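Protein chains in written order, with my numbering: chain A, 1 to 77; chain B, 1 to 77; chain C, 1 to 77; chain D, 1 to 77; chain E, 1 to 77; chain F, 1 to 77.
FYI, nobody ran anything at the bench for these hints, they're computed from the structure.
There may be inaccurate statements among the hints.
Identical chains blur together in the list; that is why a pair holds if it fits in one copy or across any two.
[To be verified] With a cut-off of at most 25 Å between alpha-carbon atoms, the simulated SDA-like pairs for lysine to any residue come out as follows:
(1) 30 <-> 12
(2) 29 <-> 3
(3) 22 <-> 38
(4) 29 <-> 10
(5) 29 <-> 4
(6) 22 <-> 42
Since we're looking at a predicted model, the values are computed, not measured.
There are 6 protein chains.
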Amino acid sequence: MDNWLPTLITATPSEGYDLAVKLARMAIKKTQGDPAVRERLRPDYAENADSLISVSAVVATHFATVAAANAYWRDAR
Amino acid sequence: MDNWLPTLITATPSEGYDLAVKLARMAIKKTQGDPAVRERLRPDYAENADSLISVSAVVATHFATVAAANAYWRDAR
Amino acid sequence: MDNWLPTLITATPSEGYDLAVKLARMAIKKTQGDPAVRERLRPDYAENADSLISVSAVVATHFATVAAANAYWRDAR
Amino acid sequence: MDNWLPTLITATPSEGYDLAVKLARMAIKKTQGDPAVRERLRPDYAENADSLISVSAVVATHFATVAAANAYWRDAR
Amino acid sequence: MDNWLPTLITATPSEGYDLAVKLARMAIKKTQGDPAVRERLRPDYAENADSLISVSAVVATHFATVAAANAYWRDAR
Amino acid sequence: MDNWLPTLITATPSEGYDLAVKLARMAIKKTQGDPAVRERLRPDYAENADSLISVSAVVATHFATVAAANAYWRDAR
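So here's chain A without its partners, still in its complex pose (with noise of 0.2 Å):
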């Protein structure tokens, strides 16, 4: 895990936002680090409404923050 996120700088806000996604599930991998654990609560949040937008708020400060490091690709139109 030790280089996993070379950089912030992505191609496009599309790639940002994945990367965003990923971001928001490294913190739980390694405050759960056991995968099988981590399988076993999918269900908990992946079919649960408000636990759905509790994911989408930290994916959206995430977002914010490799936006920005991207100057908001503003000439990536």
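Mind docking chains B, C, D, E and F on chain A? Use the hints.
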């Protein structure tokens, strides 16, 4: 879903707000990939005040990003 | 609802705050399109302390955006 | 309530913090307009640890805005 | 409590973090003014994982503000 | 615990992320000082999907701060 987000730049704040709504929904799609499950969960949040407020919170975070990307549309009046 | 948000610029911080309240409500309208359902849900949050605090959190996020858009109204005193 | 917020500029960080508290409360007043209901709800949050933490979260978001508006009072020491 | 917060400037990031903790607590003091009630509520959050995470979230928001006020202590190494 | 945080500057985004995790945990240590209690609470959040998402939210906020402090590591690719 490859390049669903080519840019954060929008013509008006209203369009930027709609983009924020789209950004909030996308994390849910990426976490719960099954459209049937998402459809089943819809009343859980669309008819629940607290869930709707949580959705609004996610939109607010994304709108902040989109607004900053557009330099707050300062001359779009 | 086409161009309900022509600008984030307001004359005063008070007006900016009202705009933040409007921005918070709009995501709920866009997620729950039925005015009758929204009306039915109103007591669920308007008479619940935690829900009101959550509403206030969303307003705070939007107010940050509006305030930055207005360069914090530094000479509006 | 017309111009209850003439400016975000305060003389000191302490006053800025008080303004943040005021900003957090105002959204509740604007959502629940009846002072009697607000008074009735008061023990629900003032005697509940999680509610108090949620209030503190809203104040933190507003304080960020006020602090930035005041350029973080860098020479206010 | 008049000028309990003369400045956001701290010598080190560690001190800035402690200030963020103080800022998080102050909103609770200002909302629940009775020290006896606050003392009674303490086990409700200090022995509850979710409450502790919520406290940490508030500290994170304040730390962001303090860190920015200190220009992220870029030369404090 | 005196100077546990000498700087927010890290060599890479990955290290910055680890620092964000550390920052998230520190508020919990400072609020619940007893290591035995913290250990007892661990399964409450490490085996609960919603708690893990909340932890991730706190990390996201701190990561935003660390990333900005490092000017988003723009040339770290």
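Now the hints, each set against the structure:
{"no.": "1", "hint": "30 <-> 12", "in the structure": "between (27 Å within a copy, 17 Å between copies)"}
{"no.": "2", "hint": "29 <-> 3", "in the structure": "within (15 Å within a copy, 27 Å between copies)"}
{"no.": "3", "hint": "22 <-> 38", "in the structure": "both (15 Å within a copy, 21 Å between copies)"}
{"no.": "4", "hint": "29 <-> 10", "in the structure": "both (23 Å within a copy, 21 Å between copies)"}
{"no.": "5", "hint": "29 <-> 4", "in the structure": "both (13 Å within a copy, 24 Å between copies)"}
{"no.": "6", "hint": "22 <-> 42", "in the structure": "both (16 Å within a copy, 24 Å between copies)"}
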